[in-house]
Amino acid sequence: MPRPTSFGKDTGLQLRMTLTMFLLGLVYVVLIVALLGAGASGVTVALIAGGFALFQLFGSDKLALRAMGAREVTPAEAPELHAMIDRLCVQADLPKPKVAVADTRMPNAFALGRGPKSATVCATTGIMDLLSPAELEGVMAHELTHVANRDVLVMTLASFFATIAAYIVQFGFFFGGGGDDDDNPSFMILFLVSIGVYIVSFFLMQALSRYREFAADRGAALITGRPSALASALTRISSGMQRIPQQDLRATQELAAFYIFPPGVGKSIGAIFATHPPMEKRIAALQRLEMQLQGTA
Amino acid sequence: MGLFDILTGKRKMKAPAESRLFAMSTAAVTLEMTLELRSSGKAAIVFQPLATADFSAIVNDMEEVLRGTGEDTGTQVERTDDSFGYRWMVLSDDDFEDLVVGINVVSQALQDGGYGERILCAVFAFRDAQDQPVYWIYNYKRGSYYPFVPAGGEQRRDSERELRLKAQIGHELPVEPELERWFPLWGIPI
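Same order as they appear, the protein sequences are chains B and H.
Residue numbers in the first sequence follow this note's numbering, run continuously in steps of one, and reach 281 at the last position.
Residue numbers in the second sequence follow this note's numbering, run continuously in steps of one, and reach 243 at the last position.
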C-alpha cells in the first residue's frame, strides 16, 4: 500500500497562521491610512523606518553574530557539525548555509539571514556538549527549517509597520510638539492609532512567532524522521537553561525570536507574551507526529 | 516552495526527482575507457532508518529480494549504520550494471513503501590509475550526480579534480549545476 508521505498535514496550524497574518495586515492598513492622513511627517517616519528595516535585513547578520560572540567555522574546525548539516541539507533540499559556533555554556542554537542563499546557522558550544548527536540533529533541522521558511524575512516584514507605530509612539511628542503642529488634529489621531496598532500588532506578532516555532518543529521532524529526538532535546535544553544565571541571558534578549529555545523564560511571563510556545505544547505536538509516524494516531 | 507556503511556514519533504540513476550505466563505460576510472565493484545507498514497524518490514523484505536475485547475479548485500545514524546498504558485484540495478531495487522499494524522502543518496565507488578512490554521488531529491574526491587527510577534498571530472564527463551524466550542493560525504565505507 503506497503511502504519499510519512506524516499527515497540519491544517489547523496553517489556518491559525494565515488568520494571524490576515489580522496583522488589517491592523496595518489602519495605520497606513492614518500615516497618509497625517501628511508629510507620517510619510517621513515611514521612510526612516523602512531604511532601518532594510538595514536590518541586509546588514544585521554579522552584527548579530558578533553580539552573540559567534564566529563562522570551517569544515576542518567543526567536522562533525558540518557533516551533520551537509546531510540535513541534502534531505531538506537546501543549499548549505554558513555554519557558526558561539563559545558559551548556554545551550542554544539560532538561524540568521533573509533567505536560504544568505543564511547562517549557529550552535553554542554548550548545546553541542549537552545533546546527543541525534538530538543535536533535530535542533539543527529546526534551525534549517527556519531558514527554509524564511522566518527572519517574514518576521522582519511582519514587524515593519509595528516598528513604525513604535517610533511614532516613542517620538510622538517631538513630532507633535514642533511649533504650529500643536493643534494638528491629524497627528493626534495618528498618535492614538499608533498606540492601538502597536499594542494589537505586538500580540499578533508573538502569536505568529509561536506558530512559526511549531512549523519549524514540524519541519525538523520531517527532515530527520525522528520527532522524539527533538522532543528529548527540548526537555534537556530546558532543564539545562534553568541552571544558567539570569545575568548571562539578559544581554541576548533581542535575538530571542530565532532561538531554538528562548533565554530567560520565567514563570511570571504570561503565555501570550512569549515568542515561543510553552515546552509542554511543543513536546505534545512532536509526540503527535511520532504517533502519526508509528501509525498509531 | 510558493509564496503562500513561505508565509504559512509549510514544509513538505521534497519527493525524489524523476530518476536519472541509470545514466550511470552508460557513463561508467566512458569513465573506464577515457578517464581510466574503474569501478571498485561496490556501490551503496544511504538512508535514514525510521524506528517504525512498517519501515523495518519494508527494509527486511527488500533485503530478502536483493539476496534472492543476488543468487543469480552474484550481488552481495551488506548493511552498516554510521555514526550519524544513517544506514548504508552496500552492494558488491563485479558487473557494474548489476550494481545500478541493485541500487534501484532498494530505492524503488523505499519509494513504493512511501518512504522515498528518507533516502539520502547513492554512492558509486571508482578507483583511478593510482588506486585512489573517486566517488560519484547521486542525489535523489535533485536527480543529479556530482563527483567527490577525498584528498587524504582530515576533511580535505580535491575540488580541482572534481571540477575537471565534471568537464570530462560532459553531458553523459546529469551533473548537479549548483556547486554549493556538492555535499561531501566523509568516511564512505566503500
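Hints should not be assumed to be uniformly reliable.
[Claimed, not checked] Calculated pairs, DSSO-like style, for lysine-lysine (alpha carbon to alpha carbon, straight line, at most 30 angstroms): (1) 219(H) x 80(B); (2) 219(H) x 46(B); (3) 80(B) x 194(H); (4) 265(B) x 95(H); (5) 101(B) x 95(H); (6) 82(B) x 95(H); (7) 95(H) x 80(B); (8) 46(B) x 95(H); (9) 101(B) x 194(H); (10) 265(B) x 219(H).
Bear in mind the hints are in silico, worked out from the structure with no lab data behind them.
Verification of the hints:
1. For the given pair, residue 219(H) sits about 20 angstroms from residue 80(B) by alpha-carbon distance, which is consistent with the 30 angstroms threshold.
2. Of the pairs offered as hints, the one joining residue 219(H) and residue 46(B) is violated, with about 34 angstroms between alpha carbons and a cut-off of 30 angstroms exceeded.
3. With a CA separation close to 15 angstroms, the supplied pair residue 80(B) and residue 194(H) stays within the 30 angstroms bound.
4. With a C-alpha separation of about 47 angstroms, the suggested pair residue 265(B) and residue 95(H) falls outside the 30 angstroms cut-off, and the hint is violated.
5. Between residue 101(B) and residue 95(H), the direct Cα distance comes to roughly 35 angstroms. Violation of the 30 angstroms bound is thereby established for this hinted pair.
6. A C-alpha spacing of about 33 angstroms is found between residue 82(B) and residue 95(H), which places the hinted pair above 30 angstroms, so the restraint is violated.
7. In summary, the hint linking residue 95(H) to residue 80(B) is supported, as the alpha carbons are separated by about 28 angstroms, within the 30 angstroms threshold.
8. With a C-alpha separation of about 45 angstroms, the suggested pair residue 46(B) and residue 95(H) falls outside the 30 angstroms cut-off, and the hint is violated.
9. Of the supplied pair hints, the one linking residue 101(B) and residue 194(H) holds, its CA atoms being roughly 18 angstroms apart against a limit of 30 angstroms.
10. Distance restraint check for residue 265(B) and residue 219(H): the Cα-Cα separation of roughly 49 angstroms exceeds the 30 angstroms cut-off, and the hinted pair is therefore not satisfied.
The structure does not agree with the numbered hints 2, 4, 5, 6, 8, 10 stated previously, though it agrees with the rest.
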